[in-house]
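From these two lone chains plus the hints, build me the complex, please.
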Amino acid sequence: MTALLDIRGLTTEFRVNGRWHAAIQDVDLSLAANETLAVVGESGSGKSVTALSTLRLLPQAGARIGRGEILFEGRDLAKLSERQMAKVRGNDIAMIFQEPMTSLNPTMTVGDQIAEVLMIHRGMSHGAALNEARDLLDEVRVPDPARRVTEYPHQFSGGMRQRAMIAIALACRPKVLLADEPTTALDVTVQHQVLTLLDDLKRERGMGVIFITHNLGVVAQIADRVAVMYAGEIVETADCTRLFANPAHPYTEALLRAMPRVDRRADTLEPIPGSVPSITGRPAGCYFAPRCGYARPECGHHPVLGPISGAGGSDHQARCILRAKAEEAA
Amino acid sequence: MTAVTETIPARKPNVLLQTLNRNRLSWVGIGLLALILLSAIFAPLLAPHDPLQQNILNRLEGPSPEFWLGTDSYGRDVLSRLLYGTRVSLLVGFLSVLIAMTVGSAIGIFAGYVGGMVDQLIMGLVDVMLSFPTLLLGLMVAAMLGASLENLIIAIAITETAPFVRIARAPTISAKRKEYVEAGRALGFSPLRIMGVHILPNILSDIVVVASLWMASAIRTEASLSFIGLGVQPPTPTWGGMIREGFENILSSWWLVVFPSLAILLTVLALNILGDALRDAIDPKLKGES
Chain E
888 MTALLDIRGL
898 TTEFRVNGRW
908 HAAIQDVDLS
918 LAANETLAVV
928 GESGSGKSVT
938 ALSTLRLLPQ
948 AGARIGRGEI
958 LFEGRDLAKL
968 SERQMAKVRG
978 NDIAMIFQEP
988 MTSLNPTMTV
998 GDQIAEVLMI
1008 HRGMSHGAAL
1018 NEARDLLDEV
1028 RVPDPARRVT
1038 EYPHQFSGGM
1048 RQRAMIAIAL
1058 ACRPKVLLAD
1068 EPTTALDVTV
1078 QHQVLTLLDD
1088 LKRERGMGVI
1098 FITHNLGVVA
1108 QIADRVAVMY
1118 AGEIVETADC
1128 TRLFANPAHP
1138 YTEALLRAMP
1148 RVDRRADTLE
1158 PIPGSVPSIT
1168 GRPAGCYFAP
1178 RCGYARPECG
1188 HHPVLGPISG
1198 AGGSDHQARC
1208 ILRAKAEEAA
Chain C
15 MTAVTETIPA
25 RKPNVLLQTL
35 NRNRLSWVGI
45 GLLALILLSA
55 IFAPLLAPHD
65 PLQQNILNRL
75 EGPSPEFWLG
85 TDSYGRDVLS
95 RLLYGTRVSL
105 LVGFLSVLIA
115 MTVGSAIGIF
125 AGYVGGMVDQ
135 LIMGLVDVML
145 SFPTLLLGLM
155 VAAMLGASLE
165 NLIIAIAITE
175 TAPFVRIARA
185 PTISAKRKEY
195 VEAGRALGFS
205 PLRIMGVHIL
215 PNILSDIVVV
225 ASLWMASAIR
235 TEASLSFIGL
245 GVQPPTPTWG
255 GMIREGFENI
265 LSSWWLVVFP
275 SLAILLTVLA
285 LNILGDALRD
295 AIDPKLKGES
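Protein sequences appear in the order of chains E and C. To convert, take the position in the first sequence, counting from 1, and add 887; that gives my numbering. To convert, take the position in the second sequence, counting from 1, and add 14; that gives my numbering.
Isolated chain C (complex conformation) (with noise of 0.2 Å):
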């Protein structure tokens, strides 16, 4: 009887162990994220120079051993400033997909648990939301907010709160009809203690692999909008910002684009791998399968 109840507390991060490792694919994704995220908490001691020292003897030097990416029009290393530019993109994707998450999930949950017409309401008003693309909503209020990193995680949040409402709403829909909620109806409980305490921890797994997913999204976002100029003010480097200040340059000098590109595109495909895994781990349906 005890060495039962010891391994049963231990069950679900095995069915999650066991489904990383029968795709493979899935720990080259953590394992990704993971250098991304060392290199990020990291980057003051792994630069090896400072991201914001200007030297106009070195500018727009090519690969080599002193700059092992180079060095951009200003003549800073371009390794340091990737670096460093992690934090920024890391940064924006996790708080402003937190916002998006903790916001959306409560009005999806509200929307989900009330029904009826504020339920049609809100779901009218997020169809509206989600048929403005991403990148033209987050420009709209960055523009509006005016460019700063506060206002960019506000902007991105905002585009991103629409999905998590529809992502919440529909299992608490479900989750309605389950007897333990009929059952803390039946015992007096709130309408809110209801929602917060025996909804929300049932549907969480739904919307955490959503949040994965969407964190690609912001970290593209961040990056489009920094492009355009409407991110993260220079000198802070950024990666989206490198990309453009390189774009100028980009036909004598390669290596100003295509390493920033690299990092998007490395981090976005690191978490939407991550966020495939979760999603086959934790959906039944798919077990066996990929």
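So here's chain E without its partners, still in its complex pose (with noise of 0.2 Å):
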């Protein structure tokens, strides 16, 4: 399975009070066609950044990419020209972001806001621009297409205006689709009928799609792969399935614990104590090990990404020392 993106070592510094810090770093992560990867973790963890290193979005004073390659089909997007990195974006590689209700512009009809895209990249005229974006609200399952390309963001709903900014990032057939929290804001089952066309829609074009979430039941729901992420760092990567049933890093099993379930009484939740430590104060050591119930002397040293043994020819790796020396007397 050859890697479509492929994320290595990515190191995304920002600037606080006239230093360099790393908010992610050495992120590796690689994603096939007709694939989701779902990045999970808490609020500051890096998944957003993540994202957005990834189309070089962050804003140019304050941050920058320290090291690491991004290929995209074997290009290096992390030394392409702002130019290139234009063309790349919205047409090879698109995302979509947490907020519908702001994230469509207020003064244009939706029909013009999909056609923009298709002129820019596609080089369509307008009318047949206009036609198109009627078939994607369409594709995107918005009824009555047709009166509602004329129609103003304010006149759609939560979920409509979802699926219109779902329409206007797949308007050019992007082989990639970075979705940051895109049901967050939305009504449970709206939420649902979301994720739902997001998945048949990447099984139809055979998207690699990145989905960052805090939610484990969407990444139940539509993951393929799952790299949990803490403080800036992947700390655990497995399929889907796997990382559900053997988590083999304390967080991942500490934020299945916090997970409220049908199937449980919601008083047996177990909550993480403390926060996500900030970017400028991050301990020496195993980040996690502050907040950590099996957290040891050892723990001192910072672990390495390892792999897990038992995964059936499938890749699961870990970064925790204490998991590491399991294996190793295993």
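Fair warning: there could be bad hints in the mix.
[Said to hold, decoys possible] Derived list of chain E stretches under chain C, where covered just means 3 residues or more per stretch with a C-beta under 8 Å from a C-beta of chain C: (1) 939 to 950; (2) 992 to 1001.
[Unchecked claim] Derived CB-CB ranges, DEER-like: (3) E:S1012 to C:V42: 47 to 53 Å; (4) E:H1101 to C:G45: 54 to 60 Å; (5) C:R207 to E:P946: 14 to 20 Å.
[Unchecked claim] With the Cβ distance kept under 8 Å, some of the chain C side facing chain E (calculated, not the full set): (6) K192; (7) A200; (8) H212.
Keep in mind the hints are simulated off the structure, nothing from the lab. The beta carbon of each residue, even a glycine, is placed where N, CA and C say it ideally should be.
Next comes the structure, spelled out in structure tokens:
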């Protein structure tokens, strides 16, 4: 399986009080065609920074890609000029955002906003692009698309707006879609519809989807593989089913215990004490150690991402010294 | 569903009308402005006499059934000159503000969007421009360019560009952080397209409101410069020029100064009322007050 998008050792730094601090460090992610990779973690774990770095959308003042490669079909996006990068954005790699209410321009019709992308990247005429926009709205299951293309965003409900956003993002048939918490602001029923839609579109078009979320329920519904992030690092990656069945990192385990489930009593939920350390205040050694129930003196050494056995041929890795020791002993 | 979609597009004007209705004074301003505009357009039909026709026999006559607002020292009808003067005032006010708005907003949006050093440099220059009194700056530019209608418009436009830079920059900075702008970048749109197509329409209302207030100021500046003699040259009737000519006979012929002054006063007042009303209509924080 050749990777469509291969992120290697990506480190993005932010300038805080005149010094550069790594917001994400040594992030390795690979995404194949027709695959959904979920990136999970708490707020501040670096999920969104990873996505924004991939498209180089971070503000130029105060943020930089320190190290690493972002290989898209063999081309390193980190080395492209801004002009070349503009051709990639929206065309080869598209992104959808969390807030459907503010992600559309209130002064333009939805049809014109979809048509705009097609006119820029495909050089289509306005008329042809509007026809295509209508077909796209139909494809994302917006009812009565012929009328809807002429309407403004305020005439759309939240779920319909998110569909319109998806139509804009998918207009140029991108190979990779970055979805940054696209369902967080929606009702659960609408959320389910949008997730199903994204899954269907992925299958029909053979896209690779990176799905960023903090909702493990959503992960279970759509992901093929999962990467768990904590304090700017990937702490565990595994196939979706394997991760839920055999979490190897204490953080993943804690996340799963903190997730409400229909088949369990809500009062057995265990919150994770404390919060994600800020990028200027990360502890030496394992970043999760201060919140970890298994922490030992060895955790003062920073762990590496190591393989976990028993995954049955699929790739399962975790960043935990205790786990690495257990693997050695076995 | 059909009913809903048909009512929604009309929503914005409705809010505008409601707010205007709440404040009765705004209708006075709008009515006044309509009257002034109509008298400028139909000046040739409304004017009882030729504004340039001199008649030494009738010089410095007070208001009478024949000359409603009296005659000046050349025997020209003051009412007719006043009506024709409206054209110059509105033309200069409108065009100079249009130029200042276009240039100033473009610079302001650019500064706000690009940010950083460029922004600081531009805003530094704007502060320098703003530190000159409007009239003094206009006087300097008009004196440098020479007195004519075009130069007057350019001079006033230059004095009023700096405020528009400021007015356009602030909402640009907040619009820049909106997700649709970020989404535009994620779709590979050029900065020029984002500024022109995605930011400008969203901040236009802020700019237009202020434009109506600055148009009042432009008309005042035009009158002042014409009064000094740096405006449109005689015999073309302008309000400022009429006041200057009437100034020589102010003690004996009060009507020469009073009526053009009233015209300026009412026009500026009408524009200010309209500007305030528009601001109230657009600013959600002020809704329900006043």
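These are the hints, each one checked on the structure:
{"no.": "1", "hint": "939 to 950", "in the structure": "holds (count 3)"}
{"no.": "2", "hint": "992 to 1001", "in the structure": "holds (count 4)"}
{"no.": "3", "hint": "E:S1012 to C:V42: 47 to 53 Å", "in the structure": "holds, 49 Å"}
{"no.": "4", "hint": "E:H1101 to C:G45: 54 to 60 Å", "in the structure": "holds, 58 Å"}
{"no.": "5", "hint": "C:R207 to E:P946: 14 to 20 Å", "in the structure": "holds, 19 Å"}
{"no.": "6", "hint": "K192", "in the structure": "holds, 6 Å"}
{"no.": "7", "hint": "A200", "in the structure": "holds, 4 Å"}
{"no.": "8", "hint": "H212", "in the structure": "holds, 5 Å"}
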